[in-house]
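Fit chain B to the supplied structure of chain F, relying on the hints for placement.
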Amino acid sequence: MKRAAPALVIATLVLGGVLGPISRFARASGPAVARIGRAQTARAVTNLDDAQACQPLDDGRVAVATGGGLAIVAPDGGTRVLTAMDGLPGTSVHAVAVDGDAVWVGTESGAALVAPGAPKVVRVVPMASIAVRAILPTASGVYLGTWGSGVLRITPGSVSAEPVGGHVAGTRVAALALHEGSVYAAYADGPPARLENGGLQAIAGAPDHGQALASVARAGGASLYLGDLQGLFRLQAGSWRAVSTVDARAMVESEGRLWVGTFGSGLLVEGAGGAPGRVDGVPRFVRGVGAAGSPDELRCAASSEGVFVAKGGEGWRRLSLGRIPSNDVTAVAADGERVAIGTFDRGAALYDDGSFRPVAGVDPSESVEALAWRREGGAPTLWIGTPHGLLRTSADGSVRRWGARDGLPSSFVRAIHVLADGRVLAGTDAGPAFVDGDRVEPLVARGVGASAKGHAQPLDSPMRATWALAESVDGTLWIGTTAGLYYGLGGRFQRAAVSTGELADDWITSLATHAAGVFVGTYSGGVTHLRRAADGLHATQLGGGYVNPDGLSVVGGELVAATMDGALVRPVDDDGAAWRPRHDAAPGRDVTAVRRVGPTTWFASRRGIAIWTP
Amino acid sequence: MNRSLLFVFACGLAGCARPPVPFAGEVDRLAAAVRLPAVPAAFVGEGSLEAHGDKTERTRLAIEKLAIAAKTTGDVADTTVEHVFRNDTDERLEGTFRFPLPADAIVTGLALEIDGKLAEGEFVERDKARKTYEQVVDQMLDPALLEWESGQTFKLAVFPIEPHANKRVVLHFLAPLYRGQGGLFFAVRPPAPGAAVPIEKLRIDVDGRSVDPGRATHAPSGELLVHVADSAPDAVEETRPEGKYVHVRLDPVPADAPVPSAGPKAMILLCDRSRSMLEAGPLEVQLASMLLGQLGEGDEFGVFAGDVGVRSLAGGLRSAREADEREALSRLGESEPDGASDLGAILAASAAAVRDARAAHLQPVVVYLGDATPTWGETQASRLERVAADALAGAPLHVVLMGKSTDDATARALAEAGHGRLLRPKTEADAHRAAALVASAATARRIDDVHLVGADALDVPLAPPPTVYEGDEIGLSLFIPSGADATGLRIAGTVGRRPFARPIDLAGAVAAPHVAQRWATAKIEALQRDGEATKDRVVATSLEHGVMSRYTSLLVLESEEAYERMHIARRAKSSSPSEPSVSGQDLDGAGGAPASVSPDHIQPGDPEVRVDAPSDAQSVVVVFPFGDTKVASFEPDERGGAWVVRFLVDRRTPDGTYEIAVRITHRDGRVEIVKVPYVVDTQRPHLRVAVTPKSGAYEIRATQELTPEEIAAQAPSARGTLEERRRSFARVLTDAKRVEVRTPDGQVLSLTHVTLGEFLGVWRPHAPLLPSDRLRVVAVDRALNESATEVELP
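Keeping their order, the protein sequence lines are chains F and B.
Residues in the first sequence are numbered from 1 upward in steps of one, following my numbering.
Residues in the second sequence are numbered from 615 upward in steps of one, following my numbering.
By construction, these hints were calculated from the structure, which means they are not laboratory data.
For every residue, glycine included, the Cβ atom is placed at its ideal position computed from N, Cα and C.
Relax, there's no trap hidden among the hints.
So the derived list for chain B, only partly shown, Cβ under 10 Å to chain F, looks like this:
#	residue
1	Glu1222
2	Phe1240
3	Arg1266
4	Ile1287
5	Glu1400
Pulled out of the complex, with its shape left as it was, chain F reads as follows (with noise of 0.2 Å):
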């Protein structure tokens, strides 16, 4: 879940009149540790190396916002985190800015103002669940550059935010700067513009797919500086004047110099003739760039790396944040205590002794589909699915891959199984095929339509797109497609569908077996529980919504399921009962993967992991 629900922000607010204001803004203050029923704690693990901006605080600390919550960086390397379960209004981070000794904070969902001390969220800003990824605190407000809203402003002694008008093109603001007395905003999707009589006003001539915005003080006056994704503008003489073609994220001034953040050229500043000149030690990809307004001056940097910083005339040192590869984490396998996580643009990793490390032989870069464990001769493989094929990785760091060439229908790789007789059946995009030992052997139906050329018809036959896959304990095999659930033994099949009567959509994304059964979870059609009987298959919609690929799982007696919009629980057993929703199991909405892991409970979401422990 990534943004409290309004009766919860109810309560803080008014719970929030125990503790002393700490910014004129500050209203309210949130829970540090999430807390759900049946007793259990949760520790969100997220990727802080995902960062998105940053900026020093006046005690040498450092604010990070990343995609896997707010980082509270001390000298020491001691980190303090912020996601969602703690009150945000979404995990994924876009902005910072000191306002006082206080930090407010942009989010996916909302803005937030955070007391960096402890730190604990002390306002959740009451407006719409939109991204904003500019924050500008001035005397006369806070300003707040949304993604889609246009600029709120938040007026002193107020609560919420309200939208400043005017005549601008653009409704997602980058980048809030001021300015010579003003407030400048520059959008991604049209011309920047300047706030004259209480409304934004276009500047006329000017790129139009704005990114960042900086004012820097000269001896002649001060100048603007835009950038966007044709490049780095000055404002001079009412006209923009290109200055670079560099691709400018993020600016700030510090010691009178203009600091740019690039993707592509790393971190600019600029040199004594005004020409900028790389700084060694940062990352080619900068998000952010931040600095303290201390004469000892702190910089930061952040990047998809990492966020990097440097005092005064110190080199440039890489701050390690790290914890899991992404936050975009799309499968969880477990074996025992032993886990592995895929993610969807990072790679996997193997979670062992509390701590996260890359699985040996997989690209860093790679997109995982699909994960599973198998014994071999009492030893653990990792089988992985990806766009790229199928891996088998083992303890010693050999890498298998099986491709479209070595026999697989499609080299796209969704769903992993690993069947009773040891054999792991592949589910692909042109149909799943069984690997036993280095052989991979296509899966033939029979029983469904042919053509009159004798071939399978593709809409009657398996072999099209399969993202999930399961054994029940007779051996039939459940294939579900984006054509409907395949079921058979020994390699006759039968279908069931929409068309049939038992789906309530036949984009199949995962299957749980359970008894005599199967439960069919869809992409936007809910989960359908599926009973063999004498006459066929008996079928009971339980809803549920749009179900992640392998989100269904049977943990403890209970059938969870992974959607996009949090989990969902329900007695295995119970047809008739209603899902209980857990919004809040996972520092983001789109909740993936459920799985137990010895005594703990692993909640995977688009925006990290939790771990509950009873």
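Same frame as chain F, but now just chain B:
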């Protein structure tokens, strides 16, 4: 006897020794007045699909749509011709698609609709392609194979063509533009009256502009002409890592060259009367008449007709007397074209006539009339060149190319070997002009012994012809390897027995795409002259540059995975980078092309962005409309690779069209920004279902109807009534891809996708029906949105 022969006889009976030119003057005046190309010698037209089935005799299928799209650069048009054929029969058919290419066109690609998706073909060595094709057919899949048939004609085996369904075939080729007095033109042959496609089903798009066939300008010879530029650069170039490819156009004969003198001549006509000349036979007789009409006092002539054998129709050389000419022409007209073509035999047959001419102190002038497509005896171009050289013994050989299936390469080789002209008349007016050019060749200003100087370090596959006549333009394709110097390149020869040389200026060459492919085609033509001996090099060149040859075929398999399974490497088919695209087809798996149509319709999920930027680009950064930025990584593959990122479309994303910005920073620092649209579509397809009883069965016809919500979500600015908006956006937004029907007796029917948005099937109940029985109709669209409706029975 046909109408053209009547013309010959009418002329002869009227006693006109010199055939009149009934239209030529008028045509020329018209052409000059509207500043049109006088002789658009080739054009883009339509192909045909002949099909048959168990109960269906071989028949030519109707064309539902013919869409021609051309993107012009320099003096060529990157052309895509899409045919949609309609099977009106009740059975599945097998067919053969044939398409006559314009002269000098270069086949670069083929796509075929398989299972509702357009599958792009791949160049494969001919034997391997055939073997793979048969192997895949044995596995009961649906491949397709485009093979060279003869000359400029290629044939494609197409199976299956489902009953009451359409079949789409898309051919890609480079076609030359035609130079006329008003500039450069793209020429299209309009469908003839009674053709398989009526003109209202013809769509022409040139450089993004739609051309109305009914309002377009017509050439004197009937083609639609689309003016694309006032001029084209004389030299174009394409730079690649291995070097630079250049195509240069020359008009080298100096205006002050001396005019050669000529004495009496003996015109020896070699007339191809093989079966492939059936359609062009009348024009051939007409042209022969016109050629003989150019002869004067003291000249002689001979006429030879050839197919598998050679016959002298004038009994050796005869004086150019009217009666003798008439007799020979009459015999030529009476010889119905039939049988194979032994080109070597008819060339050899000219030897005796050439000797006789010289013995009579006449200048022999040999003219070949035919398609230059040898199908009997010697077929190898380089050997035919030797046969011609031996027979001619220095006499000029002019080649007048005509017929449905011409072999331009062989014709060019023979004309060059014979120091003659190569002409391609199509109409009567063209024929008059061609006859005049042949007859005047002996007294035309020219350069002899033409050759290149300073080309040692270059690869020039086709040298310039040894004799270039005034008014002739020659095109040269060159490859300049990296580090090689081409500044001293000159064209040289003799003019009036004096040495002649002129520099070839490449400095002004303009960068253009497809130049490497044009060079490769010249290379292949040169190599193919030596037949099978150079096959490996031909294949390698063809595959490397993505152009067709006699030894390569275009194989279409159903999916990328199928290519991988059959161990067929996928290569970049074009030298130019294509637009990036967003693919959502991975959602449904097999058959999804990596670069799919744009905008794609996707449900929230994880589509992929592919950007065909150069692999050595500094960075490719993709900025998404929801604010995220991702750095693409280059993924090499057998098609050359692309910059790829995958992204997540959140489930709460509203329907609509979105735009991704791609910033490409090239190796040299140049920045390019490209916008890529994609469509988020979560609207369920809405069907109108009609059920009609038909002799114990029911015809079920389901038609997708766009809903106001769909139109509003994806085309929010659309105006007009619902029906008007439906009509406007039907082609863009209609996206149902399959329809299933569950019948009361338990059958599940899959309706056939007949045409865009329309599905058809026949249900024969297996059990008696009850009044309350309903059909359950389920439709799925491209984004996998699904709808289910209950339909009452009539």
